[in-house]
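For the protein sequence lines, the chains are A and B, in the order given.
Be aware that the first sequence starts at 1, since it is given in our numbering, and climbs by one per residue.
Be aware that the second sequence starts at 1001, since it is given in our numbering, and climbs by one per residue.
Hints were generated in silico from the structure; no laboratory data involved.
Computed from a predicted model, the values in this text were never measured in an experiment.
Just so it is clear, CB atoms sit at the ideal spot from N, CA and C, and this is done for glycine as well.
Accuracy of the hints is not assured; some may be wrong.
Stated by the list, open to error - Pairwise CB distance ranges, derived in the manner of DEER restraints:
#  : chain 1 : residue 1 : chain 2 : residue 2 : range
1  : A       : GLY123    : B       : GLU1167   : 44 to 50 Å
2  : A       : ASN117    : B       : GLN1026   : 36 to 42 Å
3  : B       : ARG1030   : A       : ASP106    : 46 to 52 Å
4  : B       : GLY1056   : A       : GLY56     : 44 to 50 Å
5  : A       : ALA155    : B       : ASN1079   : 22 to 28 Å
6  : B       : THR1112   : A       : SER33     : 42 to 48 Å
7  : B       : HIS1004   : A       : ALA46     : 37 to 43 Å
8  : B       : VAL1082   : A       : GLN26     : 22 to 28 Å
9  : A       : GLY56     : B       : GLN1143   : 51 to 57 Å
10 : B       : ASP1118   : A       : GLN26     : 35 to 41 Å
11 : B       : HIS1004   : A       : LYS124    : 47 to 53 Å
12 : B       : ARG1105   : A       : LYS124    : 23 to 29 Å
Protein chains: 2
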Amino acid sequence: MTKHEIPGIVVGRLPIYLRAIQRMAQEGQRVTSSKELGERLGVSAAQIRKDLSQFGEFGKQGTGYNIKYLSEQLRRILNLNVVWDMAIIGAGDVGSALAHYSGFRDRGFQATMIFDNDSEKIGKKMGGLVVQDIANMIEVIRQAKVKVAMVATPADHAQEVTEQLVEAGVEAILNYAPIQISVPEGVRVEYIDPATHLQKMSYYLE
Amino acid sequence: MTKHEIPGIVVGRLPIYLRAIQRMAQEGQRVTSSKELGERLGVSAAQIRKDLSQFGEFGKQGTGYNIKYLSEQLRRILNLNVVWDMAIIGAGDVGSALAHYSGFRDRGFQATMIFDNDSEKIGKKMGGLVVQDIANMIEVIRQAKVKVAMVATPADHAQEVTEQLVEAGVEAILNYAPIQISVPEGVRVEYIDPATHLQKMSYYLE
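Full structure from sequences and hints, please.
So this is what it looks like as structure tokens:
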């Protein structure tokens, strides 16, 4: 199967597996099984075996998975052998939190630039980055060949900013603005919207 | 069908539909169709009709959906006719951003308390909330009958904190710690982990 034939839902589970086995490694564990991993993640062992088998052979029947090896392989599959530079668009509360967030680096990403249209914010430091004028965004991103961006603008501006990011060559957008955005084929969008997760749970509350 | 027989994946799409039609309402629109909504969201009209039909009749063939009515109904189904109080656990970068985040209130939630174990932080103000000692968390949450919490602790503490939240009567947890947590039946967990979303996209980057 080629890269693009593997269902997105399967690809989406690899980072969860990677996170869990890296956690096991931190805890000093060296070997795991699909059964143990499944129990940790609340999924079936069969699903884990089936998902991983789409990408190759990572363990032997009966001996389980070598955690270091599986971790390296998952990182390779997910293109995490490099650290991806990211642009943050919007220097409000969410953008600021992203600029300060220290959890990206270990997992293959680092914010290297942040943009805003507010002259009060431009030039100020935020989590080690200097807020740049959004008017220069397309050029700056294009020159730096940044492929990953996080949109943290108000909903009203998210689509316009997205189009500029695509023009600048960005191929992966993590959208924090609470609105659906359209992108051309070949560009990927993922969404972070805590309120939708909360609303999904409030359905079950009495 | 009773509430719990409707698949979680269908329930999970309702907040997305609600967000989109509330956006349309803000833009001054009064009526929409499953076709238009589907185009906005990149899903099929048939899926929207099928999902909504599980909860009742919200539109008439040919005349579409009245946005105000559909919005009210979705809010009722998702238990958003009240504003749910929330506890934030962890007053680090993520907890602080959540305390400052203004996007919850309009969507049915408000952070009313924040806890940490760091004596440097306890007593300080954060986004209008005073950081409280985590040692008192179970009692404070129980007395206030808070049912919703956001866990923003380091991964190492997330499971322990979760168990305390469950003991305190919390039934819905939004977990920002990058680790899978276990909860007893009847308690729901949703996850926010931007790195897993980014890694899912880096798979496709060259």
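Structure-based check of each hint:
1. Hint check: A/GLY123 to B/GLU1167, Cβ distance near 48 Å, so the stated range 44 to 50 Å holds.
2. As the Cβ distance of A/ASN117 to B/GLN1026 is approximately 21 Å, the hint placing it in 36 to 42 Å is violated.
3. In this structure, B/ARG1030 and A/ASP106 meet the distance hint of 46 to 52 Å, their C-beta atoms being roughly 49 Å apart.
4. Between B/GLY1056 and A/GLY56 the CB atoms are about 48 Å apart, so this pair conforms to the stated range of 44 to 50 Å.
5. One distance hint, 22 to 28 Å for the beta-carbon pair A/ALA155 and B/ASN1079, holds here, with the actual separation near 23 Å.
6. A hinted range of 42 to 48 Å for the beta carbons of B/THR1112 and A/SER33 is consistent with their spacing of about 43 Å.
7. For the pair B/HIS1004 and A/ALA46, the supplied restraint of 37 to 43 Å is violated, since their beta-carbon distance comes to about 25 Å.
8. Taken as a hint, the range 22 to 28 Å is violated for the pair B/VAL1082 and A/GLN26, whose Cβ atoms sit roughly 41 Å apart.
9. The supplied range of 51 to 57 Å is met by A/GLY56 and B/GLN1143, whose beta-carbon atoms lie about 54 Å from each other.
10. Range check, B/ASP1118 to A/GLN26: Cβ separation about 22 Å, and the 35 to 41 Å hint is violated.
11. A C-beta distance of roughly 49 Å is found between B/HIS1004 and A/LYS124, which places it inside the suggested range of 47 to 53 Å.
12. Under the hint 23 to 29 Å, the C-beta atoms of B/ARG1105 and A/LYS124, about 27 Å apart, fit the expected range.
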